[in-house]
Amino acid sequence: MASEQEFTYPSDYKIVSITDPSSIIKYSSPHFNEVAGYDEGELLGQPHNVIRHPDMPKAAFKNLWTHIQSGRHWMGMVKNKKRDGGYYWVDAFTSPIMKNGKVVEYQSVRLSPKREYVDRAEKAYKKIRNNSKPLKLKLPKTRLWQRCLMVFAVNLLAAYQLLTLMTPEAALLGFFGLCVLSVYILTRPLEKLCKRSKEVFNNPLMEYIYTGDVSDFSEIELAMKMQSSHTESILGRMSVTVMENCKDTVSSMGDLSKYGDEVTKNLNDQKGEIEQVATAMSQMQASSLEISSSAQKTSLSNSEAKAAMESGHKSVEDSTNAIVNLSNELNEIAGMLDTLSQQSSQIGKVVDVIHGVADQTNLLALNAAIEAARAGEAGRGFAVVASEVKVLAQRTQLSIAEIQSVVDALQSNISNLVLRLNNGKSHSDNCVERITSTSEKIAQIGNLIGDVLEAGEQMAVAIEKQSVVAKEINQNIQMINEQCSESFELMTQTNAKINNVQAKAVELESVIDSFSDR
1 MASEQEFTYP
11 SDYKIVSITD
21 PSSIIKYSSP
31 HFNEVAGYDE
41 GELLGQPHNV
51 IRHPDMPKAA
61 FKNLWTHIQS
71 GRHWMGMVKN
81 KKRDGGYYWV
91 DAFTSPIMKN
101 GKVVEYQSVR
111 LSPKREYVDR
121 AEKAYKKIRN
131 NSKPLKLKLP
141 KTRLWQRCLM
151 VFAVNLLAAY
161 QLLTLMTPEA
171 ALLGFFGLCV
181 LSVYILTRPL
191 EKLCKRSKEV
201 FNNPLMEYIY
211 TGDVSDFSEI
221 ELAMKMQSSH
231 TESILGRMSV
241 TVMENCKDTV
251 SSMGDLSKYG
261 DEVTKNLNDQ
271 KGEIEQVATA
281 MSQMQASSLE
291 ISSSAQKTSL
301 SNSEAKAAME
311 SGHKSVEDST
321 NAIVNLSNEL
331 NEIAGMLDTL
341 SQQSSQIGKV
351 VDVIHGVADQ
361 TNLLALNAAI
371 EAARAGEAGR
381 GFAVVASEVK
391 VLAQRTQLSI
401 AEIQSVVDAL
411 QSNISNLVLR
421 LNNGKSHSDN
431 CVERITSTSE
441 KIAQIGNLIG
451 DVLEAGEQMA
461 VAIEKQSVVA
471 KEINQNIQMI
481 NEQCSESFEL
491 MTQTNAKINN
501 VQAKAVELES
511 VIDSFSDR
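Position 374, counted from 1, in the sequence shown is what the numbering used here calls 374; the numbers after and before it change by one each time, with no gaps.
These aren't lab readings, by the way, just hints derived from the structure by calculation.
Using N, Cα and C, we set each Cβ at its ideal position, and we do this for glycine too.
No incorrect hints appear here.
FRET-style restraints, in silico, Cβ to Cβ: (1) Leu205 x Ala59: 44 to 54 angstroms; (2) Gln283 x Lys314: 41 to 51 angstroms; (3) Thr8 x Gln46: 23 to 33 angstroms; (4) Glu116 x Ala59: 17 to 27 angstroms; (5) Pro168 x Ser70: 50 to 60 angstroms; (6) Ala59 x Lys497: 36 to 46 angstroms; (7) Lys136 x Leu193: 14 to 24 angstroms; (8) Arg395 x Thr339: 25 to 35 angstroms; (9) Ser70 x Thr164: 53 to 63 angstroms; (10) Asn423 x Gln342: 17 to 27 angstroms; (11) Thr164 x Thr8: 54 to 64 angstroms; (12) Pro168 x Asn63: 45 to 55 angstroms; (13) Phe176 x Ala59: 37 to 47 angstroms; (14) Gly335 x Glu388: 43 to 53 angstroms.
Listed next, the in silico DSS-like pairs over lysine-lysine satisfying Cα-Cα at most 27 angstroms (straight line): (15) Lys82 x Lys123; (16) Lys62 x Lys14; (17) Lys58 x Lys126; (18) Lys123 x Lys81; (19) Lys114 x Lys138; (20) Lys62 x Lys126.
From just these sequences and the hints, can you work out the full model?
Rendered as C-alpha cells:
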C-alpha cells in the first residue's frame with residue numbers, strides 16, 4: 001500500500017548509482033537498493049527516473065543535466081521516491097565519467113543530509129512548484145562592496161537627519177558609529193569563513209607566496225588552494241597506487257583466468273575419465289553380483305552333488321555289504337555242493353555195489369534156472385522163482401543204470417554248478433574289490449567336492465566382499481565425480497568472477513583515468 005511517509009537512514013550509508021549516458025542504471029549499491037526498497041539487481045536496466053519523486057521541480061533536474069552533460073559536477077538536495085510510495089532525502093553529488101573527452105557514464109554518490117538542508121529544500125521546492133521563489137532568491141544577488149555602499153548611503157542619510165536634532169560633531173560621531181556597526185555586521189559571515197579557512201590551513205608565508213597577499217580574502221583563497229591540493233594529492237596517490245594495482249590485478253587476473261581455463265579443461269577431462277571409471281566400476285559391480293550369484297548357484301549345486309555323492313557312497317556301501325553277504329552265501333552253497341558231490345559219489349559207490357549185487361543175483365538166477373532144468377518136474381517151482389529173480393535182477397540193473405545215469409547227470413550238474421559258483425564267487429570278489437575301490441574313489445570325490453564346496457563358499461564370501469568393496473569404490477567414485485562436477489562448476493563460477501574482477505579493475509582504471517584527466 002502506498003505511503004507518503006519519510007524514510008530516514010543512517011548517516012554512514014553510501015547511496016551510489018552509475019548510469020549510462022541515457023540514464024539507464026548500470027549499478028546500484030546495496031544501500032541504494034535497501035533505501036529505495038528494491039531487491040538486488042532489480043534496478044539494473046531501469047531508467048533512473050523510476051525513483052524520481054513528483055515533488056522535485058523540473059528546474060532542479062534541468063540544472064543537473066546542464067551541468068553534467070557539459071562535463072561539470074553537480075551537487076544538490078534531491079527527494080526520491082521509494083518503491084512502497086514513501087520518500088527519502090539525499091545530499092547528492094553527481095559526476096560525469098569522461099573518457100577520451102566524451103561522457104561514458106554518470107556517477108552519483110548520495111549521503112544522508114542535515115535536517116536544516118531538508119527543511120530549506122522542502123520550502124524552496126514547494127514555492128518553485130507553485131511558480132514562486134524563496135524571498136532571498138527573488139532579491140537581486142549583491143556583492144560585499146555593493147552592500148557596503150548601500151549601508152554607507154543609508155548611514156549618510158541617517159547622519160543628515162541627525163543634523164536637525166544634534167550638533168554636527170555628534171551627528172558625525174553617530175555616522176561613524178553606524179558605519180562601524182554596519183561593517184561589523186556585514187563582515188561577520190566573512191569572519192566566520194576566514195576562521196574556518198584558518199582551520200583548514202594557517203600559514204601566512206605560504207599565504208603570501210600562493211596569493212601575493214595577506215588578508216581575509218587571501219586566507220580563503222589559501223584554504224581553497226589547500227583543499228584543491230589535498231584533493232589532487234589524493235587523486236594523484238590513487239592514480240599511481242590504484243592504477244599500478246589495477247594493472248597488476250588485470251595482469252594477474254588474466255594469468256589466473258588462463259590458469260582457471262586450464263584447470264577447468266583438466267577438470268572436464270578428469271570428469272570424463274572418472275565417468276568412464278564409474279561406468280567400468282558399475283559394470284564390475286554388476287559382474288561381481290553375477291559371479292556371486294553363479295558362485296552361490298555352484299555352491300548349491302556342489303552341496304546337492306555332495307549330498308548325492310554321500311547317498312551314492314552309502315548305496316555303494318550297502319551294495320558292497322549285499323555282495324559280500326551274497327559271496328558268503330555262495331561260499332556256503334559251494335560247500336554244500338561239495339558235500340552233495342561227495343554224497344553223490346558215495347551214491348555212485350552204493351549203486352556200484354547194488355549193480356554188483358544185481359549182477360550176482362542175475363548170475364544166481366541163471367544158475368538156479370540151470371539147476372531147475374536139471375531137476376525137471378521137481379524143480380519147476382524153483383525155476384519160476386529163479387525166473388522172477390532174473391527179471392527182478394534185470395529190472396534192478398535197468399534201475400541201477402537209470403540211477404547211475406541220474407547220479408552221473410547230477411554229479412555233472414553239481415560240478416558245473418560248483419564251477420559256476422566258483423566263477424560267480426570270483427566275479428563277486430572282483431565286484432567287491434571294484435565296489436570297494438569305487439567306494440573309496442567316491443569318498444575321495446566326496447572329499448574333493450567338500451573341498452570344492454568349502455572353496456566355493458570362501459570364493460562366494462570373497463566375491464561378496466569384493467562386491468561390497470566394488471560398491472563402496474563405485475560410491476566413492478560417484479562422490480568424486482559429483483565433487484569433480486561441483487569443482488568444475490565452482491571453477492566455472494571462479495572464472496566468471498575472475499573475469500568480473502578483471503572487468504571491474506579495468507573499469508576502476510578507467511574511472512581513475514577520468515579523474516586524473518581532470
